[in-house]
Amino acid sequence: MSRILVVATTEFLTLVKTKAFIIGILMLPLMLGLSFGFQIFAARHADVEDHGFAVIDQTGVLYPTIVQAAEEHNRKSGAGKERTGPYFVPSEVELNGREVADVKADLSSRVRKKDLFAFVEIPAKVLDVSGTTADQIDYYTETPSYDSLPDWLNQVLQKEITGRRFAAASVDRSLVTQLTRPARVTTLGLVERKADGSVTEAKRTNPIATFALPFGMMYLLFIALMSSAPQLLTAVIEEKMSRISEVLISSITPTQLLLGKLLGVAAVAALLALIYLGGGVYALMQAGQYELVQPALLGWFVVYLLCAVLMFGSVFIAIGAACSDLKDSQTMLQPFMMLMLLPMFASVIVLRQPNSMVSVLASLFPTGSPFLMLIRLAMSPPPPMWQVALSVVLTLSTTALFIWAAARIFRIGLLMQGKPPNLPELLKWIRA
Amino acid sequence: MSAIEIRDVTKQFDKVVAVNHLTLSVPTGSIYGFIGPNGSGKTTTIRMIMNILVPDSGQIQVLERSSASQVRDHVGYLPEERGLYKRMTVRQVLRYYGQLKGRSLAQLDPMIKSWLERLQLSDWADKRVQTLSKGMSQKVQFISTIVSEPKLLILDEPFSGLDPVNADALRDAVLGLRREGVTVVFSTHDMAAAEKLCDRIFMIFKGNKVLDGSLDEIQSRYGQDTVRVRTGTGAAALAGMAEVDSYIDIGNFQDVKLKGDAQAFLRALSQKTPVFHFELKKPSLHDIFVRIARPTAEDMKPPPGAVQ
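Residue numbers (my numbering), protein chains in the order written: chain A, 9 to 440; chain B, 7 to 314.
Simulated from the structure, these hints should not be mistaken for lab results. As the structure is a computational prediction, the values presented were derived from the model and not from experiment. Please note that the accuracy of each hint is not assured.
Claimed, not checked - Derived, one-sided and incomplete: chain A residues facing chain B with beta-carbon distance under 8 Å: (1) R11; (2) V14; (3) S117; (4) V119; (5) S250; (6) R251; (7) E254; (8) L256; (9) I257; (10) I260; (11) T263.
Each residue gets a CB set at the ideal place from its N, CA and C atoms; glycine is no exception.
Could you build all of it, start to finish, from the sequences and the hints given here?
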């Protein structure tokens with residue numbers, strides 16, 4: 009055991025002292041922080057242009073409303089360095105007996121010359137009480153992807169036009185508003201009967217708890233696994249190519265070496281998870297989301313993380329031992345990379361219907377279990393305990409099987425050079 | 007008492023017999039040289055001793071146990087193609103390898119200090135291995151093999167690639183270890199080193215043992231048929247003599263390989279010309295090696311009396 013610990017400690021220290029590990033630790037929070045920061049910055053500062061647009065108002069009454077609404081919008085966008093949004097600058101176009109088509113052609117030229125950003129044609133019929141949905145307002149632009157201006161116009165004009173239609177039809181708008189108020193469906197948890205017989209209030213479901221927490225836990229497990237286990241592959245190939253393996257196995261057994269390496273890398277994954285989980289728990293506490301910090305869930309996370317690292321780590325070691333260079337190993341690795349990625353795809357189904365038959369089976373499948381059962385454990389209601397226990401038993405058994413097979417391959421492959429073995433040869437090594 | 011006992015061991019890779027019915031005994035406390043051309047089976051034999059390869063048949067005992075695996079902590083092994091962890095420091099590597107042999111840091115640190123000083127590497131103790139020269143790396147690798155104080159030391163080509171100064175330093179170290187009672191087995195192509203260091207020499211050729219014994223024994227077996235002469239008529243006197251197989255003219259002297267008895271040749275020669283110098287010459291290990299390994303059907307045969 010002490011030799012295994014010597015290998016594990018050396019592997020751990022070698023891995024965590026690398027620049028790649030330190031950069032890896034900083035990378036996830038840095039990327040997340042940069043992503044959020046950029047979105048906030050972009051939302052505040054990306055669109056601070058003046059967007060001039062012409063209005064062909066054939067109703068003859070709506071343009072003043074647009075001007076007034078634009079002034080209000082521009083005032084809210086702030087001024088000078090405090091400005092956080094675009095200014096909408098309307099200008100009215102009089103037809104003065106010209107054909108609408110000619111006017112639109114002229115306005116299009118102005119848009120092309122960047123003299124205008126867009127123009128709008130409001131037909132007279134939009135105010136008719138007996139009109140149809142064909143009476144639409146046309147917005148012309150060279151930049152159809154920019155939706156802030158048409159969205160704003162839609163909002164301003166819909167309110168004004170419907171108000172005018174109600175007035176024309178002699179209907180009290182405030183009454184209509186009152187009668188058409190929405191009665192939304194709200195998702196709640198269950199109520200409970202207390203010991204004194206009273207019934208508790210149901211709590212509104214927390215969107216973070218419902219989706220973000222389960223997905224976040226699975227993603228974190230995936231990141232911790234991918235930041236640690238694949239390093240075993242390169243380490244074993246490097247040792248094999250530089251003939252260090254021969255010295256090592258003259259001192260300890262291949263199984264001791266394999267177990268030491270696995271333990272070392274499991275400790276690296278645990279350290280990564282500890283750092284990220286610690287950060288996550290701190291962030292949730294700061295945000296007042298105390299109910300999301302569940303010690304039992306953190307415990308399950310550690311269990312499944314260790315299973316995943318040991319299971320896939322042994323695969324990486326076996327492939328490293330069987331191959332003589334990284335290029336060969338990539339080909340052999342592909343089926344196992346699919347096994348690691350499949351739970352990411354299946355997570356969509358599990359998040360939507362955690363207790364469906366497909367979700368239950370997927371979360372019991374050993375290579376998917378660490379990811380998918382963890383999702384289900386983070387969701388409400390949690391899965392039945394027998395399913396969790398079964399998943400742990402199946403995952404641990406598969407992990408033991410993988411380690412056993414990897415040890416057999418490791419023992420033979422470590423001293424092999426040249427062409428990597430094919431599947432029948434690998435199976436022969438395992439049975440040898 | 008034997009540190010290593012190899013009994014009738016055979017190892018085959020596909021259809022190639024790498025080691026063929028080999029029997030060998032390495033006495034405790036001796037320095038045993040394994041010589042042989044490339045691909046003759048030296049490394050395979052060493053790997054079987056280390057239990058890295060398993061023999062197809064036969065038995066190997068190491069330090070009186072049935073496998074080197076049972077005495078790993080007492081066997082130091084320097085493989086032919088060696089490597090060190092490039093990103094570790096010299097001290098870290100030596101500590102790691104020593105700990106894998108079950109030694110504590112308290113035991114290892116004084117040994118590491120002492121050996122680094124002895125091989126003039128103290129200034130490099132905390133430098134990364136990747137900054138060392140090839141010769142320095144080789145010395146570090148050697149220290150890693152002996153830092154755990156093994157009883158048996160197996161060195162596969164320990165002197166290859168070393169400059170004469172470093173090779174001498176390593177030879178001194180090996181001799182020092184022998185004085186401390188360590189059994190040393192090493193394979194080499196350096197015949198001069200083998201002659202200087204080895205108590206006994208074993209030569210393997212195409213998987214077969216062709217030599218095994220002390221240098222004197224081997225030389226006397228191979229040395230009966232060569233004489234060095236100086237005559238009144240020089241090399242001309244040797245022409246046409248029935249006893250002469252071949253000769254090399256080295257100026258005042260001629261080295262003569264004989265077909266038969268040296269005394270009969272002396273009598274015949276002295277009848278032809280005055281003989282000023284007549285010396286029974288022992289062939290060097292190099293000569294014997296070349297003679298055995300030379301790819302001619304005649305020379306590949308071991309001499310009469312060679313160990314089978």
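Violated constraints from the hint list, given by number and in increasing order: Those not satisfied are hints 3, 4, 11.
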